[in-house]
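Engineer: Given chain Z, work out where chain Y should sit, using these hints.
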Amino acid sequence: MSGALEAFGHELHEVDLAEIRATLGTPAQGAFDKITDHLDENCLRFLAHSPFCCLATVGADGACDCSPRGDYPGFVRVLDERTVAIPDRVGNKLADSMQNIAATGRIGILSFVPGMTETLRINGRAMVTNDPTVLAMLEQDHSVPDLAIVVRTEQVYLHCGRAILRAGLWDAEMQDLADEVPPAGRIWASMSGLDEEVGDEIGRGVGLAYRKLY
Amino acid sequence: MLPLVVSSIDRQTPSIVSVVLEHPDREQLPDWKAGAHIDVQLVTRHERQYSLCGDPADARRYRIAVSRAELSRGASHYVHEFLRVGSRVHVRPPRNLFELGPAERYLLVAAGIGITPMLAMARELDARGEPFTLVYLVRDESEVAFGDELAEWGDRVRVHSGASDGRLDLAGMLAGLDPGTAVYACGPARFSDALSAAEAGGVLPAGCSLHLERFEPVQRETLPDEAFTVVCAESDITLQVYPDTSMLVALSQAGIELPASCRRGVCGTCVVPLLDGAAEHRDSLGADAASGVVYPCVSRAPGGTLTLGI
Numbered sequence: 001m002s003g004a005l006e007a008f009g010h011e012l013h014e015v016d017l018a019e020i021r022a023t024l025g026t027p028a029q030g031a032f033d034k035i036t037d038h039l040d041e042n043c044l045r046f047l048a049h050s051p052f053c054c055l056a057t058v059g060a061d062g063a064c065d066c067s068p069r070g071d072y073p074g075f076v077r078v079l080d081e082r083t084v085a086i087p088d089r090v091g092n093k094l095a096d097s098m099q100n101i102a103a104t105g106r107i108g109i110l111s112f113v114p115g116m117t118e119t120l121r122i123n124g125r126a127m128v129t130n131d132p133t134v135l136a137m138l139e140q141d142h143s144v145p146d147l148a149i150v151v152r153t154e155q156v157y158l159h160c161g162r163a164i165l166r167a168g169l170w171d172a173e174m175q176d177l178a179d180e181v182p183p184a185g186r187i188w189a190s191m192s193g194l195d196e197e198v199g200d201e202i203g204r205g206v207g208l209a210y211r212k213l214y
Numbered sequence: 001m002l003p004l005v006v007s008s009i010d011r012q013t014p015s016i017v018s019v020v021l022e023h024p025d026r027e028q029l030p031d032w033k034a035g036a037h038i039d040v041q042l043v044t045r046h047e048r049q050y051s052l053c054g055d056p057a058d059a060r061r062y063r064i065a066v067s068r069a070e071l072s073r074g075a076s077h078y079v080h081e082f083l084r085v086g087s088r089v090h091v092r093p094p095r096n097l098f099e100l101g102p103a104e105r106y107l108l109v110a111a112g113i114g115i116t117p118m119l120a121m122a123r124e125l126d127a128r129g130e131p132f133t134l135v136y137l138v139r140d141e142s143e144v145a146f147g148d149e150l151a152e153w154g155d156r157v158r159v160h161s162g163a164s165d166g167r168l169d170l171a172g173m174l175a176g177l178d179p180g181t182a183v184y185a186c187g188p189a190r191f192s193d194a195l196s197a198a199e200a201g202g203v204l205p206a207g208c209s210l211h212l213e214r215f216e217p218v219q220r221e222t223l224p225d226e227a228f229t230v231v232c233a234e235s236d237i238t239l240q241v242y243p244d245t246s247m248l249v250a251l252s253q254a255g256i257e258l259p260a261s262c263r264r265g266v267c268g269t270c271v272v273p274l275l276d277g278a279a280e281h282r283d284s285l286g287a288d289a290a291s292g293v294v295y296p297c298v299s300r301a302p303g304g305t306l307t308l309g310i
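Listed in order, the protein sequences are those of chains Z and Y.
The numbers in my numbering rise by one with no breaks, and the one at position 111 of the first sequence is 111.
The numbers in my numbering rise by one with no breaks, and the one at position 168 of the second sequence is 168.
Bear in mind the hints are in silico, worked out from the structure with no lab data behind them.
Be careful, since some hints might not be right.
[Claimed, not checked] Just so you have them, the derived chain Z footprint on chain Y, three or more residues with Cβ under 8 Å:
#1 36 to 46
#2 67 to 75
#3 249 to 259
[What the hints assert, rightly or not] Below, computed lysine to aspartate or glutamate pairings styled on DMTMM-like, alpha-carbon distance capped at 25 Å:
#4 Z:Lys212 <-> Y:Glu280
#5 Z:Lys34 <-> Z:Glu154
#6 Y:Lys33 <-> Y:Glu124
#7 Z:Lys34 <-> Z:Asp80
#8 Z:Lys93 <-> Z:Asp131
#9 Z:Lys212 <-> Y:Asp236
#10 Z:Lys212 <-> Z:Glu201
#11 Z:Lys93 <-> Y:Asp225
#12 Z:Lys93 <-> Z:Glu201
#13 Z:Lys93 <-> Z:Glu139
#14 Z:Lys34 <-> Z:Glu118
#15 Y:Lys33 <-> Y:Glu70
#16 Z:Lys93 <-> Z:Glu118
#17 Z:Lys93 <-> Z:Asp200
#18 Z:Lys212 <-> Y:Glu216
#19 Y:Lys33 <-> Y:Asp126
#20 Z:Lys93 <-> Z:Asp141
#21 Z:Lys212 <-> Y:Glu257
#22 Y:Lys33 <-> Y:Asp58
#23 Z:Lys212 <-> Y:Glu234
#24 Y:Lys33 <-> Y:Glu141
#25 Y:Lys33 <-> Y:Asp55
#26 Z:Lys34 <-> Z:Glu81
#27 Z:Lys212 <-> Y:Asp244
#28 Z:Lys212 <-> Y:Glu124
#29 Z:Lys93 <-> Z:Asp146
#30 Z:Lys93 <-> Y:Glu124
#31 Z:Lys212 <-> Y:Glu226
[Claimed, not checked] A few chain Y residues facing chain Z, derived, Cβ under 8 Å:
#32 Glu141
#33 Tyr242
#34 Thr245
All C-beta atoms, glycine included, are put in the ideal place defined by N, C-alpha and C.
Just chain Z, with the same shape it has in the complex (with noise of 0.2 Å):
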C-alpha cells in the first residue's frame, strides 16, 4: 500500500489551520446557533429512540478511540437535560473506552436513530460509574450491568444528513457490501495470524456467542 504513495513522486503538502479556513470560508452563523449545551425535547425525543451510538474518547497521550455501543432504543439514559448515562454490556474487556474517560474525562457521543439521516452529536465530560442507582435503571433482560458511563453535556447539535444520505446507510439494498467483505472470523483469524479454517470455527463459536447479549 505504502508504494501509491510514492509513486506520485513527491511528499503530501499537509495543510494547516489558517489553509483550511481559506479553502472552506467561514461557517453561517446559522451553523453556531444550532449548536446548544444540554438536550431539549427533540434531543430527548432523539435519544429516546436511538439504539446505537459511536463514542470517541482520548487517553492521557491523546491517542483516540472511537467505538460501537449498541442495545434497546433508548439505552442513553437521560438523567436530566444535561446528563445522560450509557450502560456497559458485555465485551471484550478491553475496556478502551472506559480506560481513556478515566485518565481524561472527556467524550464525543455520534447517535443514530436507524432510518433517520440526522445524527445528534453530544460532546461533554464523561466519568465511569458503578452508582447503584443508575446501574439500577440500565437493566435489560435481567442483567444489570457493572459499570455505566455518566456524561455531563457541553455541546449538543443535530449533524446534517448528507453523510448518511451519500452512504445510502439504510438503504436496505446496500447490505450486499456486507457479502464482498470476508466474514469477522476469517478476518480475526488472519489479524492474529491464524488459518482460514481457525477463522470459520470461530466464526461459529461467535455466533453462538451472539446468542447470549446480555
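Structural biologist: Just chain Y now, kept in the frame of chain Z:
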C-alpha cells in the same frame, strides 16, 4: 403479535397513566376475562406485561395502566414520556394466569398499580351479580387511580390510605374473613409477601382461599447456578446449560427459539412441558413438581437433567 395503535392516554395519578389500545382498522380484538394480561412491545422493543383493566365486553379496546417506576428500566419511562396517541405497539393476545374461580363471596385487595386486574375483576363480579368487596391500598389519596369508576360501586370499595389511615393489618383482615371467601390480591412484592406469610401462618379461616398475582419476581434463596443437562425430547437435542447462562439462552444457542417476554419468571410466556427430571423452580407463577411445566428463563436443575417436551 397484534399490531395495535394507542387511541387515548389519560393521566390517572401523578405516577399512573392509563392507555387504550385499538386495532388500526378498528377490528375486533381477541376476547379476555378478568385477571388476563397482555404483553406489550413498545417501538423501542421493550416488552412488558400489563393486566387488562378495561371492560371485557368491549371487544375493540384493550385498556392498561402503567405506573412510572422510580428506577424505570426503560418501558414505564417511555410510556410516560414518549408514548402518544397514534403510537404503534405490538401486543401478544391476552393470557390469563389469574382467573376468577368459583366462590361464595370475594374479597379483592389491590395495592398501588395492583388495582388494574382488580378493576376488571370487580367489573366482572358486578356483571355476574356476585358479592364482592374491594380494598384498595394507596400511600395517599392522590394515588387513587380510576376513582370515578370505583365510585360506581359505592361502599363495596374501601380505599385505605396509608397517609391518613395508617398501616392496614393484612393478617387481621384475612383472619376476619367470612367462611367461603376467595381473596384475590395484586400489589408490589412486599404486599404479596405479607399476604403469603399470613396465609402460611394459618390465619385464613376454613373454606377461604388466597390467590396472588405477582408482577415482581419472588425473592428466594436458590441453589448455586451449577451446570445441568437438558434433553429436548421432540427435537432430539441434548444440551448443557452452563452456570452463566439461562436455560432459555442455552436453548436458543442450540437453535430452539422460544417466545419469551419478562425473562424474570413472572409472565409465563416461555413455559415448556417438563416430562422428566427434578427442576428447581425459580418462577413466581407457582410451578412445582406436580405442574408438569418449567419456565426456562429462570428455573434450573443444578447438577441434574431435565427432559422437556419440545
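Engineer: Given the hint that Lys93 (chain Z) pairs with Asp146 (chain Z), does the C-alpha gap stay at or below 25 Å?
Structural biologist: holds, 12 Å
Engineer: Examine the stretch 67 to 75 of chain Y: at least three residues should have C-beta closer than 8 Å to a C-beta of chain Z.
Structural biologist: holds (count 4)
Engineer: Are the Cα positions of Lys93 (chain Z) and Asp131 (chain Z) separated by 25 Å at most?
Structural biologist: holds, 20 Å
Engineer: Taking only the CA atoms, is the gap from Lys33 (chain Y) to Asp58 (chain Y) under or equal to 25 Å?
Structural biologist: holds, 11 Å
Engineer: CA of Lys93 (chain Z) to CA of Asp225 (chain Y), is that 25 Å or under?
Structural biologist: holds, 23 Å
Engineer: Is Lys33 (chain Y) within 25 Å of Glu141 (chain Y), Cα to Cα?
Structural biologist: violated, 29 Å
Engineer: Hey, Lys33 (chain Y) versus Glu70 (chain Y), does the alpha-carbon distance stay inside 25 Å?
Structural biologist: Roughly 30 Å between the alpha carbons, so the hint for Lys33 (chain Y) and Glu70 (chain Y) is violated.
Engineer: Is it true that the CA of Lys212 (chain Z) sits at most 25 Å from the CA of Glu226 (chain Y)?
Structural biologist: Holds, at roughly 18 Å.
Engineer: Would the hint on Tyr242 (chain Y) stand, with a C-beta cut-off of 8 Å toward chain Z?
Structural biologist: violated, 10 Å
Engineer: Given the hinted pair Lys212 (chain Z) and Glu216 (chain Y), is their Cα-Cα distance within 25 Å?
Structural biologist: holds, 23 Å
Engineer: Given the hint that Lys34 (chain Z) pairs with Glu118 (chain Z), test it: the Cα-Cα distance must not exceed 25 Å.
Structural biologist: holds, 13 Å
Engineer: Quick one, are Lys93 (chain Z) and Asp200 (chain Z) close enough, alpha carbons at most 25 Å?
Structural biologist: Holds: Lys93 (chain Z) and Asp200 (chain Z) sit about 23 Å apart, inside 25 Å.
Taken one by one, the earlier hints fail for this structure at numbers 15, 16, 24, 28, 30, 32 and 33, listed in ascending order.
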